[in-house]
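Student: Sequence:
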Amino acid sequence: MSAGTLFIVATPIGNLADMSPRALDTLRQAAAICAEDTRRTGQLLSHFGIATSLVALHEHNEDALAQRLVERLLAGDSLALVSDAGTPLVSDPGFRVVRAARAAGIKVSPVPGACAAIAALSVAGLPSDRFVFEGFLPAKASARREQLARLAGETRTLVFYESSHRIEESLADMAATLGADRPAVMARELTKLFETVLDGDLAGLQARVASDDNQRKGEFVVMVQGAGDDAAAQLTEGKRVYALLGQHLPPSTAAKLAAEITGAPRKSLYGS
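Taking UniProt numbering, the leading residue of the sequence shown gets 1, the next gets one more, and so forth.
There's no promise every hint is true.
Claimed, not checked - Derived DEER-like restraints, expressed as beta-carbon distance ranges:
1. Pro-138 with His-60: 32 to 42 Å
2. Leu-249 with Leu-24: 56 to 66 Å
3. Ser-163 with His-60: 14 to 24 Å
4. Ser-53 with Gly-263: 23 to 33 Å
5. Ser-91 with Ala-56: 16 to 26 Å
6. Arg-22 with Arg-130: 28 to 38 Å
7. Asp-84 with Asp-181: 11 to 21 Å
8. Asp-25 with Gln-247: 47 to 57 Å
9. Ser-128 with Ser-91: 25 to 35 Å
10. Pro-21 with Leu-193: 41 to 51 Å
No lab work stands behind these hints, which were simulated from the structure alone. We put the beta carbon where it would ideally sit given N, CA and C, even for glycine.
From just these sequences and the hints, can you work out the full model?
Tutor: Below, the structure is given as C-alpha cells:
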C-alpha cells in the first residue's frame, strides 16, 4: 500500500467565506483531521457539513502523537492538519508532526489560505519587502522587554501577535524600548465584524488602546517599522551588542568587536 499525504490546511481567521473550495474538498476526503481544538474545528466542520473524524493535536501531546500519525500515513491514510484559525504552524503546533512525516518520506502538501500576519501586513502601509515575524512576545514583563531590546536595531518591519490580555502592556513596552515615535500599525479582529486597523506611532497607539475598551478586545497583529539604516540605528544596535559582549570581555575588546559587528563608532560605545 502506498503512503498517504499529510495536508496542511489553512482555515479562515474570521470570515467563513474565506474557506477555499480546495480546503473543503481536502477536509472531506481526509481519513482524519488533526486539530488544535477539536471543539472549535468541529464547529467549522459542522458549518460546512463535513463529518470527517477529528484527532486532538496540541502542544501538550504533539511529541507523543507524531509517530502514531506517521504510522497511519505510512499505512495509506491521508490526514489533514489544521489550527484553530489561519495557517497551521504559524505560532501554532504542528511542526514536529511535519518534521516526522518528512523524515519518514511522506509527502507533505500545503493547502494555502488565510494567515493573520500576512493579511495584516498587506494593509498596514509599512515596508513589506523585508519583515521579521516574532509571534507572541513573552508574557512576563521583564522577558518581554529583553526581547524587544534585542530587536531595537532590527531594520526589517517587525510583526507580532498579541492577545487582549496584554495588548496595552505590550504597546507600552514597545514604545519605551523601540521608541515612542516609531511608526506602527495595529490590526484587530481581521475579517471579522469589528475589524479595525489603526496607524500612527507607538505612543499614539498605546494612548488609543488605553482610552478605548473596545480596542482592547479581540485578536491583534502589531506591526512596527524597522529601525532606520542610519547612524542612530547603528548606535542603538552597537550599544546592545556592546552590553552583551561586556558581560564576558574587557570593555575595550567588547567595544572593538561591537563596532566591527554593527558599524557603530567605537568611541561611542566604550564606556557607554
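Student: Run every hint past the structure and note whether it holds.
Tutor: These are the hints, each one checked on the structure:
1. Pro-138 with His-60: 32 to 42 Å: violated, 19 Å
2. Leu-249 with Leu-24: 56 to 66 Å: holds, 58 Å
3. Ser-163 with His-60: 14 to 24 Å: holds, 19 Å
4. Ser-53 with Gly-263: 23 to 33 Å: Violated: the Cβ-Cβ distance is about 57 Å, outside 23 to 33 Å.
5. Ser-91 with Ala-56: 16 to 26 Å: holds, 18 Å
6. Arg-22 with Arg-130: 28 to 38 Å: Holds - the Cβ-Cβ distance for Arg-22 and Arg-130, about 30 Å, lies within 28 to 38 Å.
7. Asp-84 with Asp-181: 11 to 21 Å: Violated: the Cβ-Cβ distance is about 35 Å, outside 11 to 21 Å.
8. Asp-25 with Gln-247: 47 to 57 Å: holds, 56 Å
9. Ser-128 with Ser-91: 25 to 35 Å: Roughly 19 Å apart at Cβ, these two residues miss the hinted range, so it is violated.
10. Pro-21 with Leu-193: 41 to 51 Å: violated, 24 Å
In summary, the structure is inconsistent with hints 1, 4, 7, 9 and 10 from the numbered list given earlier, while agreeing with the others.
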